[in-house]
Structure formats: structure tokens, C-alpha cells
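A.B. asks: Letter by letter, the chains look like this.
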Amino acid sequence: MAGIGIDAPGTTQLFIGNEAIARGALEAGIGFAAAYPGTPSTEIMESLASVAKKMNFYAEWSVNEKVALESAAGASFAGIRAIAAMKQNGVNVASDFLANIVMSGIGAGLVLVCCDDPSAISSSNEQDTRNIAKWLDIPLLEPGTFQEAKDMTKWAFDLAEELDTICVIRSVTRIAHARGNVKLGELPKKEHKAHFDNICPIAPTLTKFIPYPSAWLHQQLHVKLDKAREVFESSPFNWYVGPEEAELLIITCGSCWLYSLEAVKTLNLESKVGILKLGTIWPLPQKLIEKHLSKSPKILVVEEIDPFLEGNIKEMIADLPPASPHPTFYGKRSGHINAYGELNPNMVIGATARIMDITYESRPAEYSKKAAEIPFTYMPMRIMTFCPGCPHRATFWAIKNALRLDGRDGFVTGDIGCYSMAIGPAGFFQERTMYCMGAGAGVANGLGKLAQFGFNQPVLAVCGDSTFFHATIPALINGVYNHSNFTLVILDNSATAMTGFQPHPGTGITAMGETTRVVDIEDLCHSLGVQVDVCDPFDLENTTATLLKAIAENGGPRVVIMRRECELVRARREKKPLYKVHVDPDKCLGEACGCNRLCTSAFSCPGLIWDKDAGKAKIDEVICASCGICADICPQGAIIKEAV
Amino acid sequence: MDMKVKGSKELLTEVIDTGLCTLCGACAGSCPYLVSYKGRIVLLDNCTLSEGQCYQYCPRTCTDMDAISRQVLGMPYSSDELGVTKEVLMARSTDANIKGRAQYGGTVTTILSLALEEGLVDGAILTRMSDDKTPSAFLARSRKEILQGAGSNYMACPVLEVLNHIPKDSTERMGVVAMPCQVLALSKMRNEPPQDRMNIGNVKLVVGLFCTWALSLNGFHQFLHENLDLPRVIKFDIPPPPANRFDAYTSSGKISFPLDEIRKFIMPACTYCLDMTSEFADISVGSVEGIEGWNTVIVRTDVGADLMKMAKKKGKLEVNILPPENLAHLKEASLLKKKRALKEIITKSGDRKNLLYVGLQESIIDNLLA
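One line per chain: the protein sequences are F and P, in this order. The first sequence begins at 1 in the working numbering and counts up one residue at a time. The second sequence begins at 645 in the working numbering and counts up one residue at a time.
Watch out, some of these pointers could steer you wrong.
[As the list claims (entries may be wrong)] List of simulated lysine-lysine pairs, DSBU-like, C-alpha gap at most 35 Å:
1. P:653 x F:641
2. F:618 x P:648
3. P:650 x P:997
4. P:992 x F:400
These aren't lab readings, by the way, just hints derived from the structure by calculation. Please read these numbers as outputs of a predicted model, since none were measured by experiment.
One chain only, chain F, in its complex shape (with noise of 0.2 Å):
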């Protein structure tokens, strides 16, 4: 598979949806891109930091993602085409940069990636980011397929620059993580300059790049809207398929183009229903779709997540002549498609379907049937897990058994990375709050305040690494401005493990590769004056008593930094295990031990598993990474681990 970087114009590759984005910034000739990892938006920074030095342009990983998009800003400002990238939860970080920055205009083109997650497969909560186009006045594209994703970005620089704002590119799972044919464009072959003009369009000494005044920039911006509808009118990312009067019009966008595309061709109704694929989401090019809603007496409209452009077409429509057309919206809000999760081509078929009143079977009612029992009976119940050898796994029981044994019901307040999923099993279920990126400290701060409400239960926050970096640093600070009585557990295992082990400021390397100073988390931490404990997890005995030791103090904030790599990280390096890991079936008591299996069932490593035959532990070879720590959990002393 050929890197983003190929100079090959004309040529078709295979690109997942983040390439293409990446690909399309290439050929708008940015010198600029910074990002923080998030699913799904994670391999557009990736693909870009990997063509970086070849390609003479700076790509970095920021601490996160309000950062991300100031620094892009600033290389935009300076005249150097800039992209940030970001999940739907980085927008909301970057929010009020956001907020402000359309007031002001920007220099060269700066554009604004944005990757939902519909369903929140990978995310804490799931949103519509599109919205913000709408609420802050930005314009939107959502590309349908992968050459759009490509197209829009390289285009999107060129509108930011002709409206003078900064544009966005709103893209869902199923766009970033696909592939598709795209084909190539050229690779602009310039050298950046960068500069930094004291621009002064109002006034002799006031500068451009300031929100200032708000109300008559705002006012400015309704005027670039203005222009950027009248540009979507004509847009070829918008277009239409179907008949001149359909029974039936689907206006659609991004993911759903093609699943409308193929209900319509499942259901044999291309000479019945038109769809509107729409490209450029906002501002709506009103002109367009008032001329196809004349033509239909039924509109289906089928978009993620939320009902943005049926909302907003019908509003659309209060404000043209009486004498148009005023057909029957379906939608998400006549229940035909979900206003929530993620769709799929059933959804659509079904709800096309439904309207022009037919019968669909996708399958037979008795394979249906069957199909819905077999996941019962011949599926195991697959957890989330940690990955063998995770140190969260070994840091999650020495927390459970610590908090166990000080008996005062206290417990965790979680946060977001591979850790979150203490909020189960995987975690013994520790975590019971958990919600954005540095909400663990945030919330615990509240908690350690209410003493003087009777409250006396040890809060825990526990962060990761790069979270601590991103979203922690000003809670643990509240806390010892405001003294707050909770211990802080970050769990540095030396990388930005969820997404996928990028780098980040305490790791000593750079997006692009370069070794950089290291910022020591536990010196910052010294820095502030609290009280700092390092401990390795795999080390229970030690970790526990350090936990019990710092749950019953009282006070501001502690901090106890959990150190260990990330398994995955050390195995790919290290090439070797740590241990030879087996069990000694004779030691082992198999069902017979009083423990009720505590090593499988309770510890749950999915590396020890148990032998239905034999009755007793065993190691999966295949999966154990030979950490060697339910050594230490058997009862029996059956698991043995030798050095190797």
C-alpha cells in the first residue's frame, strides 16, 4: 500500500479515508499539521508526520487538542497552510479557540478536521459535530466517499482562504477507517515562507488577528456565509441521481450516500427515488435543494447522528414563498431512522421501504431466527479486556484490594485511555465515574471538598500519562490551590496506548521521530509541592501498602505514579518475554480450590485460562505475555514463573 506521499498524479491507490484527508492537505501544499491522537481521526496526523521530513513541512503531536488547533493557527497566521485533526472530542477542547478565531478571519488556509464516532465504538459519548458549523458560523464539508475526502480537503484550504475563515471537514468512522480507490492529484512543489504581517484592516495599529469587535466581525461573517452558499450552490460535491420527479427524494450526506445508494438499488427503486447527495453541509445551498424539493412529494432525509440537515432544511422552508412546495418530511424525526448511533444499509432499506410502502426480507424469517439464537449458544461472552501483561491490570487489583482493605467504601473516579475500561470487569469494575479527558482529577477535586458534609470515603483519580499532560495538570493544581483531599494515580506506562502508542511529552520522542527533552512527571509534580510515590504496579505488595499509605492521609492532593511500560510497547521493542509462565497442575486445585477460581474468573488475564478437561489453570502460550504476575495471585503457589 503506497504511502501518502507517492508523487504519482493520475494514478489510483487504495486509501483509508484518513489518508485521503491527509492526501488532500498534501495537495494543498500545507506546511503545517498538528493533532492529538482520538479515534477515529488518530491516522491523519500518522500519515502525515510519516511524510513530514521527506516532504519539508513541520507535523507535530500537541499536548492536545485546544493546543493542536492554536498552533496550526499560528503557522496560518504566519502564511503557512495549516490542518488540524481531531476527534469529535477534540473539537470540544478546541471550542473556544474555535469560537473566537472565526471572529477574527486567518492568514493562509486553515482547516479543521473533525472525525466523529457515531455509536461511540471508540469514545465516551457519542455527538454531532456538525452542529458547530451552525452554532459558531463555520463552513462545513462532509465528504461521501473516499476520492471526496481527498477533493474537499485540498479544496477546503483554497475556500478558507477565499472567505477568509477557517473551514471544516466533518467525516464519521466508516469514511476514516474504509478504504477506497482515490486518485491522485498533483503535489505542489513550493517552498513555504513564513511571516508574520502586522495586518491592519481597521484601523492604523489594530491588529486583524483579534475578535475584536465581535458583533461587527460577527456581522462580517454572516456576509462570508453569504458568499460560501452562493459557491455550494454550485458545488460538485453536491449532486443529484434519479429520476426528474421522484416518488420519493432522499437527501443524504457523508457515510449515508452510499448506504442510501444501495437501499435504493436493493429495494429496485432507481426509477422512483432520487437522492441528493449533499457535500457542502454549511451553509446549506438552499437554491439547490428548494429546486429538488419541488420535484418530490415524500423527502427522506438519512444522515448521522443528528437531524442537522432535516432540522435545518425544514427551517428552510418557513422562510420561502407560500407558493412552494411543502412536502412530507421523514426523517429521525418521524422515527423512520435513528437519531442516535450509527446507521447501516438495513436502516436505510428499511425505512425506504417502509415509505413507498413494500415488503423487504433481507433474509428468511426462519435464517433470521436462527440467527438471532445462535450468538447464545455458540458465542463465548467476550469481555473488553486489558491486554495480557497490561500493568493496568496488576494497578486495577492493587486499587481494588487496597480501597478493600481501608474499608472506608472508597473509590475511583476514571478518565479516559485504555484504563476507562476499569469500568468493568476488565478493571474489577473500580472506576465509577468516568467522562472526558481529565475529568478523573476534575471530579475528585469536588469530592475531596466535602468534608465538612459528613463525606469520608478515599477518592482516587487515576489518569494516564498523556492525560496528564492533555487535561490533568490544572486539576491536580486546583486541588493544591484549594485543598482538596484525593490521591491522584497516574498510570504512566511510557505511551498514548488507546490509540495506538503515539508519542507525547513524557516519552522523549516526537510525532515526527525526533528525540526531544523528556517532561518528567514526577519532578512537575515535586514542582507543586505535593507529595509524590512511584511504584510498579507488577510489584502488588509494594503498590498496595503505597496506596493504603496515601488513601489515609488527609490534606491536599498526592499523587502515586504507577510505572510501567505499556506490554505491547516493551514486547515490540524487546522482542523477548519477561518470564516463562506455567502452572503446575499438581499444585493446582483446580475446581476444588476455595477460591471459586480467582485466577480466571476474578483476576481474568486472558492469557490463564482454564483447561475444561484437565480441571484445572493453564497458560495460553499463544496469548500470555509471560509478565508473571498471577504468580503471585494463586492461593496455591501452582502458577510458577521462571527468568528467562
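Let chain F serve as the given structure and place chain P on it in line with the hints.
C.D. replies: Chain P in isolation, oriented as in the chain F frame:
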């Protein structure tokens, strides 16, 4: 009484959370989920088993006193104030070293040392005072280590946890020095030997101590910490009535507290205990009112009798008859504890027919309530 064996969940709801747990340690270490920690029994994980040895051997779950008594002493539960007795004596060690370390007469230390010397046991599970002056149970395998166990501790200690940690295939014969609740747990184990654990038959000698109540680690250790220079404390003593004091001996002298100040640290569970003299032990040992430096010794079994005889014959112990007054007082005190406990049990259960954990003959109940 419902004799059904239940699980750890019920152990929590019926015993630990209701204030019946004496911290005997019979459940701690019986599986990896249950441990003792700072004076509490902690369930580290959610056990889903409906039946468990933790519940089975707990001295505060359904206990058929007749069955236990038949198994250990060969006869039904005695209605006597002191339980089954072959002899009631007073004794003290002849060894100056032991006497120097002993709380009163040093009889327990002497008996254990003799048992070890004669090869009756390979080790003994005892309690010694740890550096922070709380009791900690340990397995002693030498005379020197047995000597470390000399002296009284007064705070509840989960001694049986040490027994639970002895490996399944161990052949070491054990002696155990235990409180009445712990002796009862041991007796339940002897009555229905635990599976997949050290063979309870290896416990060859049970020395029970007299006990009116034990102090809870929670709170009492804090009290000691606040009122004493703990590192300088050498031993504690609660001298027999009419003293009414708690004494702490430090390197610079004795500090006394009125016993009434200490009473708030008594384990709530002790309120419901009918056994002052460890009625199911081989030998039960306590102090002698009014006679310093001697022990009251109740011999109950052949094992106990043989050992006492040997000790006397080998000149390890000086043995005398217990003065009748002392015997009378002892019986009175023991009967009072039984009566108080039974009343408290019925108050707690709210029903004369529900004696919570203890199964007694009607005649015995009637006598105690009369």
C-alpha cells in the same frame, strides 16, 4: 437452629456486619478473598459461592455445642460453669527465664516448650507483641520463639489465620494457644475436617486462655498511641479483680488507666460469648485472683492431663491445689458471663427461640435464664 452452611456473602451479613465477629481468624486465609487487616476481616473480592468453609468454621455461625463437645471431649455439652473438667489446679513455671517473661505463672510457655522438647509438637501457633505493641500471631518452632509468645496481649488477634496458611501437605504437628472463640472454631474444624487444607488432625494440643473480653484494635491502638510513649512499653496487664485497672509497663515505670476508660474499646462481639474458660481446649489457663505469679489451670482431656503430669514429674511446673475460694469465684464469674451473654443474644435476636449462632439444650438455656 438452621444448620445450613452458607457463603461469604452471608458471613458478611450475618456475622461481620452485625457485630458478631470476634476476629478469631478462622475465615482469614481460608481462601485468598478473605484477609485480616488492622483489626477487621476484609473480603477482597466478590465471591459467588453459596457455601464456604469461611462460614462453616466461623464460631459465630450455627454451632451445635453438643456435637462439638462429643467430638472433642467425648460427652455432650456440659452444664457446669467451667465446662468439662478433669482437674482444676494452680501452677507456675520453675524456669526463671520463663518466669521473667511470663504474665503470671508462665504455665503456657512451659507446657509448650515441654511439648516441643518431647516431640509432641513440631511447632506452636502463638501471639507475640509486635513493634507497634499490637499482637501478631506467628508459628514458633523453637524454644526461643516460644518464649517470644510469653505475655498477654489483650487485643483481639486473628490467630487462626496462621493455621490457615500452613500448606496442605504439611506433616508438622501443631500446638495452638487460643482464645475461647478460636478454640470453638478449631473444634468445629475437628468435628468436620476442612477439605483441601492442612490436616486438622495435625493439631495435637490446644491450650485455651481464660477470657472475659478482648479489646478491639480499632480505636484502642489509637488510644495507646495518644496516651503512651509506645516504643517504651514493655508489657500490658489487666490484673484480676478487684484491681479494676489497665496497666502499661514501660522502661520508666507503670502507667495505669481506670478499666472503665478502656471498656469502650471492648469488641462488641464479646458481649455474645458464653465461654470464659475455653471449654473445648485440652488445657485452659488463666490468672489466680489475689495470688500473683501463678496460673489457674483447668485440665480437660487425656492429652492435657498427660502433659501436666509430665510437666510436674520433670519438675518444669510447680503444681498446687486451687484454693476453694478461688474455685468458687472462678465458677461464679464464668456463670455470670454465660448468663449475660445468653440474655444479650436473645435481646439481639429478639426471640428466645433464636440464639443466633449457638445450639444449646433447652435445659441448659432454662437454667441460665432462671
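A.B. asks: For every hint, state whether the structure bears it out.
C.D. replies: Hint by hint, here is what the structure shows:
1. With a CA separation close to 33 Å, the supplied pair residue 653 of chain P and residue 641 of chain F stays within the 35 Å bound.
2. Simply put, residue 618 of chain F and residue 648 of chain P have alpha-carbon atoms about 34 Å apart, close enough for the 35 Å limit, and the pair holds.
3. About 21 Å separates the Cα atoms of residue 650 of chain P and residue 997 of chain P, which keeps this hinted pair within 35 Å; it holds.
4. Restraint check for residue 992 of chain P and residue 400 of chain F: the C-alpha separation of about 33 Å stays at or below 35 Å, so the hint holds.
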